[in-house]
Every structure is written in C-alpha cells, then in structure tokens.
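Each chain sits in its own coordinate frame; assemble them with the hints.
For the record, the sequence lines run as chains A and B. If you're matching positions, the first sequence starts at 1 in the working numbering and goes up one per residue. If you're matching positions, the second sequence starts at 1 in the working numbering and goes up one per residue.
Possibly wrong hints are sitting among the right ones.
Lysine to aspartate or glutamate pairs mimicking DMTMM-like chemistry, simulated, CA-CA at most 20 angstroms apart [stated by the list, open to error]:
no. : chain 1 : residue 1 : chain 2 : residue 2
1   : A       : 449       : B       : 64
2   : A       : 449       : B       : 132
3   : A       : 212       : A       : 241
FRET-style restraints, in silico, Cβ to Cβ [said to hold, decoys possible]:
no. : chain 1 : residue 1 : chain 2 : residue 2 : range
4   : A       : 17        : B       : 36        : 53 to 63 angstroms
5   : B       : 18        : A       : 194       : 23 to 33 angstroms
6   : B       : 143       : A       : 262       : 46 to 56 angstroms
7   : A       : 353       : B       : 36        : 31 to 41 angstroms
8   : B       : 18        : A       : 248       : 44 to 54 angstroms
9   : B       : 77        : A       : 17        : 46 to 56 angstroms
10  : B       : 25        : A       : 262       : 48 to 58 angstroms
11  : A       : 248       : B       : 36        : 44 to 54 angstroms
Read the hints as simulated data drawn from the structure, not as lab findings. Beta carbons: idealized from backbone N, C-alpha and C, even for Gly.
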Amino acid sequence: MGLIGRIGRWFDARVQLADTAKGVLAHPVPRQTASWFYVFGSAALLVFVLQVVTGILLALIYVPSAGEAWSMLHSLNQHVSAGWFIRALHGWGSNFMVAIVLIHMVQVFLFGAYKYPRELTWIAGVLLLLVTLGMAFTGQVLRFDQDAYWGLGIGASISSRVPFIGHAIVNLLLGGPIIAGATLSRFFALHVFVVPGLLIAFVALHLVLVIKVGINDWPMPGRIVRRDTYVAEYHELLKREGIPYVPAAIWPDVIFGGLVLLSIAACAAIFGPFGPGGQPDPTIIQTAPKPDFFFWWLYTVLSYLPPAAETPFLLIAPALGIAFLVALPFFAGEGEKSWKRRPIAVLVVLLVAVAWGALTNLGAHTPWSPVMDAWSGEPIPQKYLEGRTALERHGALVLQLKQCRNCHALDETGGKRGPPLDGVAVRLTQDQLIRQVVQGGGNMPAYGKNLSPAETTALVAFLGTLHPPGQAPARNAAQRAALP
Amino acid sequence: MSSSERPTRRGIFVKLGVLVNAAAAFAIGIPVLRFLFSPKIRERRPGYDSWVPLGPASSFPIGETRFASFVNPVVSPSDGETAKVACWVRNVDGRKFQIFAINCAHLGCPVRWFPQSNLFMCPCHGGAYYADGSRASGPPERGLFEYRYKVEGGTLFLEAGEMPTPGGALATLGVRRPPWA
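So that you can see chain B by itself, here it is in the shape it has in the complex (with noise of 0.2 angstroms):
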C-alpha cells in the first residue's frame, strides 16, 4: 500500500474497521479476563471464609486431638466429596482447642496422627510435628497450618475458606490480613 500525503476513503475505511475491532475486543476481552479470574475476584465476596460448625465441643474429649471434616463455605456442583475438607482438633484443656489442617506444612500431603507417641506424621517426605503443632522433624520449615476457632452455644465454630499453603493467608495466622489480601 502506498502511504500517500492525503488520506484516502480506504485508507480511513481500514482505521474505521481497526477501531470498530479494537471496541469489540474491549467488550469481549474485559469480561473474558474477568471470567478467567474469577477465582480471585470471587474471593472478595462475603462468604468466602466463614464459620463452619464441627459439632458440639464435648464431643472431643480433654487432651485428645480428633480428625474431624467439614464441607467447605464454597461449593460448587460439581464438587462431589471433594467439597469436604479434613482437619485434626485438639481439645488441649476443656477451654482452649487447637484445629490443625490436614495439609502438612511442606507440600500439603495429609498428615496422620499417632496418639500413642504424640506425633503427627507426613507420609510424603517424612515430615513430624509435636501434639502442638510445632516442628519436630522434617522437611517442614514451620508447624502445622492452624484455623481459627470459636465455641458458642457449646459448639465448636472454625473459621475455613480456603486450602492453607505455605504462601496461603492461613500461614500468616494471627497476623491480620490485609483487606487486599
């Protein structure tokens, strides 16, 4: 094409259609992103983490830690039992609990506890932690993830939302999480 001083009708016809493509794809193209991160965006909503009850506190009895699951605050249709989530609770003295996730500290394999020697053990690669949760070998850099829980009307509420990662919100806990976050 020659690029000629004076604009011609095609010419001006070519930028008109470049125009009329680049507003379609804005109008395409704004929801299509918001569609493929709608994960992220979803999770500012209400709802996202919430208080989940895990039945009556009594029934996990003083000085014991018990596996117990619950159905995650956000599920989709298709989730089957893949909406459930596990977790261990630790009655520590009647008043004071501890909920573990299920997710060892390292990668996330599930870990197993064993009561008769006190230890929580990660069959993946081999990390241990205390009845507390704090690091007692292993590759784990830290202890185990914990949720935050409440008891109210005798039943024990823990606050879930998400699956706790090394780099999750939950890793941070005790620390509030920025409203970005």
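This is chain A alone, in the form it adopts within the complex (with noise of 0.2 angstroms):
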C-alpha cells in the first residue's frame, strides 16, 4: 500500500467516514436511470460548484461600491490576467445553470417524478429554482452598470405595489431612500451570502432525498403509483435489475457535465464576458434598460397587459405560480407517471414552452419600445418623397420633426410601437387622420396642442400620399359621392 493509501486510513480510523460515503455512492439505483435523460440535476450541481469557485475569484477583486464597482469590473477585463475570462465563465455559468436547472424540471415534471413519495424532493426543487432566479437577479445587479441601475428602480417600482407596506419594502430593498451605495452592498451580500447559503442548504436537502427516497424510476406506461403499494415496488425493482450509482450509472452524469463545462468555457472564450454597459450615472439618461434575457419575458408581460390588471397580475400571479408547483404532488401524487399517458401535462409543457418562446422573443425586439433616435436617425425614404409638392414634402418634414417615427415605421425603419404608416392612407381618410393625430387615442398622444393648423395640413396632405401604387386612398362616402 502506498503513502497515500495509508495516510487516507489514518484519517478514517479517525472520522470514520469511508463506509458511509461508499455506501452513498454506491448505493442502489434502477437500471434505466443510467440515461441520457437522467443527468440535468447533477450537470446543475456542476455548474453551481463552478459558479461558486469562479465567484470566489471575483470576489477577490470585486469592490461593492456603487462609486468603483462599475471602473473595477473594467479593471477586472482588462487589467487582471485572464480576468475577462473568469467573468465571462461566471456569467455565462450563470445562463447555463438557469437554463439546465429549468431542463431539469420539465424533464421531471414529465417524468412524474413529483408523485408519491417524492414530494418533499420536488418542493426542495422548486425552492432550488426560485433561489437559482434570485442569485440571477442579484447578480445582474452586481455587474453594477445601466441596466442594473435602472433594473433596481424597476425593481423598486414593482414593490412599491405591495399594499400598505410597499414603501416599507422599497426602502429595505434599497437600503435607503434612492438607489446608492446601500442598495450595492445589500445585494452584494445577498449574492455572496444570503442566498448561495439558501441554495447550498436546499442542494443539500434535495440530495439526501434523493439517496434516502431513491431516484425516480423510468416511467413505464401502466405502472400506476400507489400510496400503499409504490414503496414496496420500488424496493422490489431495485432488488431485480437495482445496479450501484458508483461505478455503474454514473457515466452519462460525468460526460454530459464535462460537456457542459466545455460548452460554458468556449461561450466564455468566444462571447466574452457580459458588459459591464454604460457608466450607473443616473444623470446619463440615453438609455434602454433591459434585463437579462431570462427576464426577457417579464418584461413583455409587463408591456402588454392592460394598466389596471398589472398591479394584480405583478402582485398574485408569482404566489399562484409557486402556490401551484409545490402543491402539484399533493393532487396529482398518484396514478399514471409516464408522458406517454398524461397528455394534459405534455400539454401545459407545451404550452408554457410556446408562451416563453413567444414573450421572449418579443422581449429581444421590443416591439412596444419607441425608437428614441429615430426621428434623428432615420431619414424619409426617397420614394415617398419623390413627386411630392411642396405642402406634402413640408407635411414630410413635420412627420419627421414631430418625432412620429419614433413609434411609426416607414419602410421598416423606426419604431414599432405604433402601426407602419406606409399604407396609412388606405385605412384611414383625410378626415380621419386629422382626427387621430389631433386627437390621439388608441395608445396614440393628441398632438392638438403640438401643431399648428399648418403643420396638421402639411401633415395629412403627405400622410394622404402614402398608399400603395395599385390602390386608391381611402374616401369617405360623402366625398366619393361627389367626385366619383
């Protein structure tokens, strides 16, 4: 025996540790567990250890001061060797650990794996999804630029909504009255403290209940779970084709997690870190905040649901969510597990998938979001002005000035916060323009105020050119009765 072998003895004849953790790692699972599909828990664990080495060698450098953060993450870029790397694997970690801990749950939510007597495994899953969501929202706070800045006052504005004790809550959050160097360290130390200490205790929890209870068996169309019975079962199945974790499942955890490992580092070395973007000076307003990409879908929510039904929507939808999820294995803990025999749940997968997708979507163009530069930026295409007189080609101009197209395509170009005005006047007649843009209305400003009886002329009159070639502009009855 070797020098090491004997000093690993001389410490277990001391903390007597070794049969105990053979035991873990050997211990019994079901044959067909030793799949492809079985390996998003471990590749989140991998990744959370990853994140938690790669946070440790930030934190070194890292200073939570609203007043140096912001120049220390550039340090950390440019100066640091391989600074640049190590944050670009914390945050692209950060991304792969979000999205394999959310694989991970549709994959046991599919499974049936939530059923008798696995509740307690899954409810320790939830709260393992809602602190991996919280070290994500804090940790875009900590890459202290813009879009954090202005993300806390979002943040803030949705708390605020809490009844009674919303500025209560806001202050807390804050740590003082506006966003400042409190707020900074606060979330600092939820990230590094608070919540990782949250996460490390639920990992925990969820791993000693899937020792002690025993990993999900693969669903076997028919193989009903019963209360009295799937216990015995269980230990019936192991006992027949029951094979050690360690060495004989474990394969396909190792390499998919390598794999992961791969695929965050080359993220890392192709895509580089994650900003930090403009400078957190709240007097620097040439901004659109947006939040990261897994909020992305929040963030339309909150543009397109009407403004009377958002302070409910923001307040009571996030507890029924959670509410539900950790009262599914209560009303559906027994019966059929596998996928093939439960098509409504397919259906809420899909369902839920296709609604992500969509609002993300949106969320990466932001159709609702007025083109801030546009007016400026954005020059009239010549062909609508070719031909023109001279009141149209001045109506034009007021189009321009006015800041329509700051919400308005012409020839996709501008915003797309209202309707494209290239065909505009096939749908709307003279008198009708006048109207919409005098008088505003649906989600429209009234510009009444704002233009003058000749700019609203010059206006229309170009509004009125802007038709398809083949098609006449809109008429109302009165005038095509008159000039038919």
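So, in structure tokens, the structure goes:
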C-alpha cells in the first residue's frame, strides 16, 4: 500500500466516514436511470460548483461600492490576467445554470418524479429554482451598469405596489431612499452570502432525499403509482434490476457534465464577458434599460398587460404560480407517471414553452418601445418624397420633426409602437387622419396642442400620399358621391 | 430525560441556561433588528426630505422644459455618482414651475423630453406624457411624479429625499403625508 493509502486510512480511523461515503456513492439505482434523460440534476450541481469557484475568484477583486464597482469591472476585464475569462465563465455559467435547472424541472415533471413519495424532493427543487433565479437577478445587479441601476428602479417600482407595506419594502430593498451605495452593498451580501447559503441548504436537502427516497424509476406506461404499494414495488425493482450508482450508472452524468463545462468555457472564450454596459450615472439618461434574457418574458408581459391589470398580476400571479408548483404533488401524487399517458401534462409543458418562447422573442425585439433616435437618425425613404408637392414635402418634414417616426415605421425603419405608416392612406380617410393626429387615441398621444393648423394640414397631406401604387387612398362616402 | 415531579438540580440548570440565552437573544436580537430595519427607522429623522437648490430660477427659460440634476440630501460615502438624481424642470410662466421626476410612473425607467413634439417618452415600455406631466399613452396608470418646489432669493429649490415609486410618498403629492409614513 502506498503512502496516500496509508494516510487515507489514518484519517478514516478517526473520522470514520469512508463506509458511509461508499454506501452513498454505491447506492442502488434502477438500471434504466443510467440514461441521458437523468443527467440534468447533476449537471446543474456541477455548474453551481463552477459558479462558487469563479464567484470566489471574482470576489478577490470586486468592490461592492457604487462609486467604484463599474470601474473595477473594467479593470477586471482589462488589467487582471484572464480576468475577462473568469467574468465570462461566471456570466455564462449563470445562463447555463438557469437553463439546465429549467430543463431538469421539465424532465422530472414529464417523468412524474414529483409523485409519491418524492413530494418533498420536488418542493426542494421548486425552492432551488426560486433561489437560482434570485442568484441570477442579484448577480445582474452586481454587474453595476446602467441596466443594473435602472433594473433596480424597476424592482423598486414593482415592490412599491404591495399594499400597505410597499413603501417600507422599497426602503429595505434599496437600503435607503434612493438607489445608491447601500443598495449595491446589500445586493452583494444577498448574492454572496444569503442566497447561496439558502441554495446550499436546499441542494443538501434535495440530495439527501434523492439518496434516501431513491431516484425516480423510469416511467413505464401502465405502472401506476399507489401510496399503499409504491415503496414496496420500488424496493422490489431495485432488488431485481438495481445497479450501484458508482460505478455502474454515473457515466452519463460525468460525460454530460464535462460537455456542459466545455460549452461554458467555449461560450466564455468566444463571446466573452457580459458588459459592464454604460456607466451607472443617474444623470445619463440616454439608455434603454433591459434585463437579462431569462427575464425578457416578464419585460414583455409588463408592456402588454392592460395598466389596471398590472398590479394584481405582479402581486398575485407569482404567488399562484409557486403555490401551484408546491401543491402539485399533493393533488396529483398518484397514478400514471409516463408522459405517454399524461396528455395534459405534455400540453401544459408545450403551452408554457411556446408562451415563454413567444414572450422572450418579443422581449428581444421590444416592438413596444419607441425608437428614441428614429426621428433624427432614420431619414424618410426617398421614394416617399419623389413627385410630391411642396405642401406634402413639408408634411414629411413635420412627420420627422415631431418624432412620429419614434413610434411609426416607414419602409421598416423607425419604431413599432404604433402601426407602420406605409399604407396609412388606405386605412384612414383625410378626416380620420386629422382626427387621429389632433386627438390621438388608441394608445397614441394627442398632437392637437403641438401642431399648428398649417402643420396639421401639411402632415395630413403627406400621410394622404402614403398608399401602395395600385391602391386608391380611402375616401369617405360623401366624397365618393361628389367626386365619382 | 425522565419527567419526574420533583425538579432535579440538572433540570433547573437547563432552565436557567435557557433563561440566560433568552436574555442574550433579546440583548443581541433587538439591535440586529434595528440594524436590519435601519433604512426604515432612519427615515423619520430630520434631514431626510430636504429642500435642495437647483440653481437660479432664471436659468430655466420660460415656457421650456430643461434637464437638471442634484445630489440627494441623504448620502453615504460609497454612493459615488449614484448620489446624483436627475429631474425635468418646466418653467410654465416665469412664476409657476413643474419639477418632474426622471422616473417613469410605470416602472421607474428614465423618461426623455422631446421639445419638438412636446412629449416625455419612456424607452422601456413606451409610456408617454404631455408637457404638463399628464399621461398621454402607454402602460403608466398616472402622470409623471412631481416634486414640491419653491423659489427663494431667485433660486429654485425642490423638496427631495427618495426615489419616487408608484407606491411611494410622492405618489400622493398634494395629500399631506401621515406622520407615520
């Protein structure tokens, strides 16, 4: 026996943990669970370890001071050897972790793993999802740039809508009356101590349960979960076709985990670190704040909800969603596990995935946001000016100068907040155009006070020329009768 | 442990130990709570909401809306540039002013003033406001937040202290703040 073996023995004679560890590692699992479908939990844990390591490395340099954090991040990117790479690993690790946790959740949901007796395993998993998202949000704040600064403002504005205690929550969240030094300090404490502490505790609970209650058996259509018989059946299954996790069933986890780490490293090396973006100076307002991509769906929802529905939605929907997830194993704790016999479960996943994808895609394009510099940066396409009268061209100038293009596109350029104006003359008669411009309505401000009668006349004259070549502009019935 | 009728010496010592630790929990716990809720407690102190000068009133031309910024009355050493707060000052007629918060009444993003179209526009979710701060379109449920102001000795002051939020104190401008808020 070599020296290392002897030292190992010396330690284990005292701590006496080797047998326990061997028992845990070699605990029997059903043969079919050595599968590519069962790799996401261990991969999430592995990425978390990467996050802890890279997080500690970043904490060696980072300064949680509102006055210095942003410059320090630039220094990390540029003056510390491999600093940019460690930042990139941590940022990409965060994205991968959120994604893998979500995939893991979908997989265990479709495989019925939340059913009896694994209710608590599932609930610990729901808590892990919440703290993972908590890490993502607090981490985004530590990248203390314009997006972080105004993102905190959005967080504060949402919190302030809680009845009665909203104002107090804002103060406690920001650590003071405004977003400033104390805010960053407390998000640092949350991101580095509090939330990871919870995460580690929930991971421990989750893992203990996976070992004690056992990993979910492969769902077979027709193998029904019943509270009276399930545990005995599971033990029977283990006895019949169980294999030790180490060494027989761990190989997919190891291979997939390695590939995930390589992917993170590749993304970090190719795409680099995230930001920091613009300087977090509250007096620099030429910015369009945007959250990280996993919150884009929420960004979309907040744009499209009717104003009156927003506060109830913000305060009630998350609570209902979490309550549903926690309650799931209690009202659907028995019965079929296989997704082949659970069409509603499959449809729910598809519905959520399609809704999430659609909302996220909209969040990528933000068609509801005015394009703040379209009026000064996007000229009127030449084809809309050729052969126009002086009045109509003056109208084009009014359109441009009054920032109509910030919300209305011409030839695909400009804002998408309002409808594009390329064919507006076909949709609205002259009278309707005047009314719409002067009075607004349908989510358009009224321009009556901001346009002189001459400007309105010119603008409407120009808008009246915007129709496809073969299509006549709209005219009201009286005009049609008078001028056939 | 057996539950005999007669208290044992050990039992009494355990109870005494619990008592000592309960006292320690109070002695330590109350300052801990005060520390945690400091942002809320500190709010009642004088100097929280203060009159802050924005410069000579004459630097804001009549009939125009101009960008201004000031340093928040409550600052801490680590604030850096985040101690600054931006706002929009509208000089209505030389005597009457309106000072709007930079934060959109929807979710707090920085609104921008467009003098050409006389509109405030928000880059986040597309809220728009008229020159007087009233809601023009988009998701905000109300007009822009307004600060209180006064002109003394030719200098324009605003009463500032905290970031305006839909549920905050400035949201009910014109209504006197209750003493506990």
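Next on the checklist: Output the indices of the hints that this structure fails to meet, ascending.
Outcome noted: 4
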